[in-house]
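Chains as they are written, first to last, in the numbering used here: chain A, 1 to 225; chain B, 1 to 195.
Don't read these hints as lab results, they were simulated from the structure.
The beta-carbon is built from N, C-alpha and C at its ideal position, and this holds for glycine as well.
The reader is advised that the hints may include incorrect statements.
Said to hold, decoys possible - Covered by chain B, according to a simulated footprint, are these stretches of chain A (three or more residues, beta-carbon under 8 angstroms):
id	segment
1	121-130
2	153-160
3	182-191
Stated by the list, open to error - Now the in silico label distances, taken between C-beta atoms and shown as ranges:
id	chain 1	residue 1	chain 2	residue 2	range
4	A	D17	B	V144	42 to 52 angstroms
5	A	E7	B	L181	47 to 57 angstroms
6	A	R200	B	R121	37 to 47 angstroms
7	A	D148	B	S96	37 to 47 angstroms
8	B	G165	A	A179	16 to 26 angstroms
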Amino acid sequence: MKMRVVEIAGNLMIKNDALAARLRGRFAESGTFVVNMLSSPGSGKTTLLEQTLRRLSSTYRVGALVGDQATANDSQRLARSGAPVRQITTGAECRLDAEMIAKALEGWDATGLDALFIENVGNLICPAEYDLGEDLRVALLSVTEGEDKPLKYPLAFNSSRLAVITKSDIAEAVGYDRAAARRCIEQVNPGMAVLELSARTGDGMEAWMTLIAERIRSKAFTAAG
Amino acid sequence: MQGHAIRFLHWRNTATVTATLLGAEPNEYSRIPRINMILCCSNSRNYGVVARYSRVTRGRAPGLQSRPREATLVPTEVEPLHEITVALSLLESIESTAAEQGIERVNAVHVRVGALSGIVRDALLFSWDVATARTIAEGSQLLVEEVPLVVFCERCEAERAPHSGTGLLCPACGTPSAHILRGREMQLVSMEVPA
Ligand SMILES: Nc1nc2c(ncn2[C@@H]2O[C@H](COP(=O)(O)OP(=O)(O)OP(=O)(O)O)[C@@H](O)[C@H]2O)c(=O)[nH]1
Ligand SMILES: [Mg+2]
Ligand SMILES: [Zn+2]
């Protein structure tokens, strides 16, 4: 059989990137600061978000989108903070993409928010590829999961601006090696900002809250200007 | 895989298996006489492969005539199976190009995959067969060109290929670099179709 070759100009990300750019434009106009949180399953995204929403909601209008493959547990946990929360059940998909964000925002005036937090699906591979139109991408790494995670998932840490080491309250008990973790992070993203905290005890939460609050204010300021 | 292709299957909770048949409505599930394969895909690290299989076989998808007893479990090292998602989006692009150009059959597909994309070649090949069953690309060959990671080392002022597992460290001088030149690719290049 005779064959012919059909060229396909196809970066698989083109569609997503275009949609993400549109979302970014929307949030720039409204001055909504958007955070995309990445981590392995169980690193503490929801726990950190619960605390964050609770602390911010007296001062700012904040909301969250939660991606989960199957359950609504996380969104229910977050909703207890009183902030508006929407669940995105991703089913077969192992990550959120810009289209899912756009859909989830339909009929919800998220542009009225000062900050929108997106909890991605617990997974360090796929979510790293997908721009969601966020201002800040955060990679979480708990003290229990191995200091060399960044080396195993370089893109997740390379594409994030901030690394948050979670569960610091049990660092000693699990023999967490701080220097090794920093070294591994440095190897995939030199100069990356690193915070260490425990959402459970509140230790180290101030630095995180300060950073977020500053970014919320500067985004609002830029939009207003 | 012969005949009845379940293109994707995942479970919703420990007791229930939910079949997600792409392009098929739940009420069409009942037309499936038998399940040949279960592709397990979960982001939960708590379940061992064996536990997963037994849970899956104990469960029952709504509308499915038979329990997937005879199914072969295809466990994946990568959790969740990233490659099935990639294979499905590849297929989507191919189907839309084919529809535009009136192409009815695809024999081979060329893709370029970077070392940092997290894609495992064998898993992608496997996913391709699963994803393309009953489509215009059924039985087609997926040709994967692997693109190694290359960074620009500021200190050496040169392109360098870091050793795997060392992040973005320059293999020559040991300086980490944040500047990735190649290795993030996830590209469709071309497809071969009957002339
Ligand atoms: N000791 C300790 N445990 C924590 C901390 N943060 C979270 N955990 C626990 O870690 C487990 C997972 O936390 P989650 O917040 O659900 O993690 P997640 O990243 O949202 O998980 P997925 O959404 O399933 O990926 C829970 O049992 C939490 O109680 C912490 O700061 N210290
Ligand atoms: Mg969670
Ligand atoms: Zn060098």
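Against the structure, the hints:
Beta-carbon proximity to chain B at under 8 angstroms applies to 7 residues in the segment 121-130 of chain A; the threshold of 3 is reached and the given coverage holds. Using a Cβ-Cβ cut-off of 8 angstroms, 4 residues of the segment 153-160 of chain A lie near chain B, which meets the minimum of three, so the contact claim holds. Given as covered by chain B, the segment 182-191 of chain A passes the check, having 7 residues with a CB less than 8 angstroms from a CB of that chain where 3 are the minimum. In this structure the hint that A:D17 and B:V144 lie 42 to 52 angstroms apart at CB is violated, the actual value being about 22 angstroms.
A C-beta distance of roughly 23 angstroms is found between A:E7 and B:L181, which places it outside the suggested range of 47 to 57 angstroms. Roughly 41 angstroms separates the CB atoms of A:R200 and B:R121, a value that falls within the hinted 37 to 47 angstroms. A beta carbon spacing of about 40 angstroms between A:D148 and B:S96 agrees with the range 37 to 47 angstroms that was offered as a hint. For B:G165 paired with A:A179, a C-beta distance near 18 angstroms keeps the hint of 16 to 26 angstroms intact.
When held up to the earlier numbered hints, the structure conflicts with 4, 5 and fits the remainder.
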